[in-house]
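The primary structure of each chain is shown beneath.
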Amino acid sequence: MAAAFDIATTILVFGLAYAMLLFIISVGLSITMGLMGFVNLAHGAFAMVGGYITVKLVAPMGVPYLLALVIAFFLVAALGVVMDRLLYRHVYGRPELDQVLFTIGIVFASVAGVSFVWGPDPQNILLPEILLGDIDLGFKNIPIYRAFMIVAGGVIVAALFFGLERTKIGAQVRAAVDNRRMAESCGIPTGRLFTIIFALGSGMAALGGGLGIQILGGLKPVFAFEYLVIFLIVVAVGGLGNIRGTFVAALLLGIIDFAGKYFLPEGGGFFIYGVTFIVLLWRPHGLFGKA
Amino acid sequence: MFRFTTGTILAGSLALAAAAEAREIKVGFIAPKSGGAAQLGDQLEKGARLYIKLHAKELGGDTIKLIVRDSKRPGGPIAKAAAQELIAREKVEILGGVIFSPNAMSIAPLATAAKVPFVVMNAGTSWITTLSPNIARVSFTMWQAGFIMGEHAANALGCKTAISGYTNYPPGKDSVAAFKRGFEGAGGKVIDSIPMGGPREAPDFTPFFQRVKDKNPNCFYVFVPGGNHAAGASKTFVALGMKQAGIKFIGPGDLTHDLQLQSIGPAIAGTTIAIHYHADLENPVNAAYRKAFKAEYGKDAVNDFVSVGGYDGMAAVFHIIKSAKGGKITADSAIKALRGWTHDSPRGKISIDPVTRDIVQNIYVAEVVDDNGTLRHKTLKTIEAVKDKCKELKIGRCGK
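Going down the list, the sequences are from chains F and H. Residues in the first sequence are numbered consecutively from 183, following my numbering. Residues in the second sequence are numbered consecutively from 641, following my numbering.
Only chain F is shown next, with the shape it has when bound in the complex (with noise of 0.2 Å):
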């Protein structure tokens, strides 16, 4: 019983800390996606972009780590108001083929750059001695690390919810997702707005691409590529546009994974498939979508 509910705390513990990494880098996609009905596949090079800012703030120039996070999310959020400017906004109203070719397009130049300014070698960095080790939680022994992505993640969530939920920017972005063009007669500057949120998600996959780093196996310029499927997925299960519907995307895919792993190492990655798989035959809108 004892072992059972250890492997049970083990699970939750570590699946949840990845799980907040799907929800901090995907959340973004979901509401780009589900604001705009635009297709941005090139939401993982903005994680990629993040980690490679963190990576080389704190490696060679010696800022501190979470420092490091916050400039990476101000610099790439910028970079997402520069592309929705210059770039973007050309694609928006057009077909979903032409959205998905120039975004999979940026992502394949993304990876090209990166590749060539800084190599195609794995990045890493040295955490700060404070989220290394263990922290002992009475019961039980987790690493420091998994415990501040669990705590990350949960502040990053309940701001999302209160911005969306209690402010007015929020409201005006709820209603842009229910019906644009009733927001836009009632005077909702939608474009505005998706700027705004745009630059927000581009951030938050900035923060996800940098708190990944040492979950992830190392930051490598496939990266963009690599994950993109499964934020992908984590949008769909939960519905385009839908926070909460996100959040317990992220949850259940992101322990699912980790137990699938756990207990059946053979054919543990294809879990998350299968649930996937599951959930969009049950509901093909997501969990929390609308039809």
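For the record, the hints were derived by calculation from the structure and aren't laboratory data. You may find that some hints are simply not true.
Lysine-lysine pairs mimicking BS3-like chemistry, simulated, CA-CA at most 27 Å apart [unchecked claim]:
| no. | chain 1 | residue 1 | chain 2 | residue 2 |
| --- | --- | --- | --- | --- |
| 1 | H | K855 | F | K322 |
| 2 | F | K238 | H | K934 |
| 3 | F | K322 | H | K853 |
Given the structure of chain F, go ahead and fit chain H onto it with the hints provided.
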């Protein structure tokens, strides 16, 4: 009529003279130059090019043209297409290189069909040499290190139980099979064997390693390809506090690959590996190799086992060329020359087994030690002239 004959003879002798003066031998070299394993391909090529540079004079005016092709991924198709192109269009006389086993396996039938000798410089799955009579291997076989590590774990490290974890493709399966045979033959028991994702990209090792931690074996034997995978696996071992839990971390040398060793961090000290070469080996040939490697590629360049594979691979290519004595290089002439070939390598004396065409070499059991902040491999034990156990014992596909 008379004039025509003179002209023919003249032209013929001129051509012969030109041939004797300088011949350019095209050598096809296949290695990952992009993607996750680009770093390994780079090391292999650095070793090969260094050998060519240092020994160019020995060919007496002949030159080698190394034609490099990118194998991109660990899987077969791209490497096979590259080999096809090298044979059919570039008309290479010798094929070489290859980091990943599936690359070598897909090229093997082409080497047979086109009668081109194929010098395998890294890929370590034991049965690769059985796939074509035109293959000779200068690198290593998974069974060499795996079997010895198994015996060492039971006899010297005192492990009674072990779990093996491996990257799920042929060399991984080979490596854990070899470990199991050695370990259980010496009285140990392997209680679990865990496939940990594929070779293309390093996964998050946490779920697999946490499973091992909870099962608490005496030894944890891990095979992962060198490079990214090795760094990820070692870091996870450290991060999960498995050392503090009393689990001994062991494996073939890929695990604490010299290239990644410093970035893993000092907590990896104490890991025991079995390998045919590590950068800190102490012998005169290796001292010279280390010096030359750093002189050529900078003081931070690391003379790892992959680079030595390229270096010795090119030594074998030189031997093939010299043995042909200006005549045509064929698969038969090349393999005949390599059977029983011996060479003073940075890893010690090596030879090619005349029967199996596979490498015979020393295997070193080494421990990672923290030498004032620099991590090094310290040799604990040397087992001389180790043959491929898989073929000796005729296991599975090695028996063919």
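Comparing the hints with the structure gives:
Straight-line distance between C-alpha atoms of K855 of chain H and K322 of chain F comes to about 16 Å, which keeps the hinted pair within the 27 Å bound. About 26 Å separates the Cα atoms of K238 of chain F and K934 of chain H, which keeps this hinted pair within 27 Å; it holds. Note on K322 of chain F and K853 of chain H: the hinted pairing holds, with a Cα-Cα distance of about 14 Å set against a maximum of 27 Å.
Violated hints: none; the structure is consistent with every hint.
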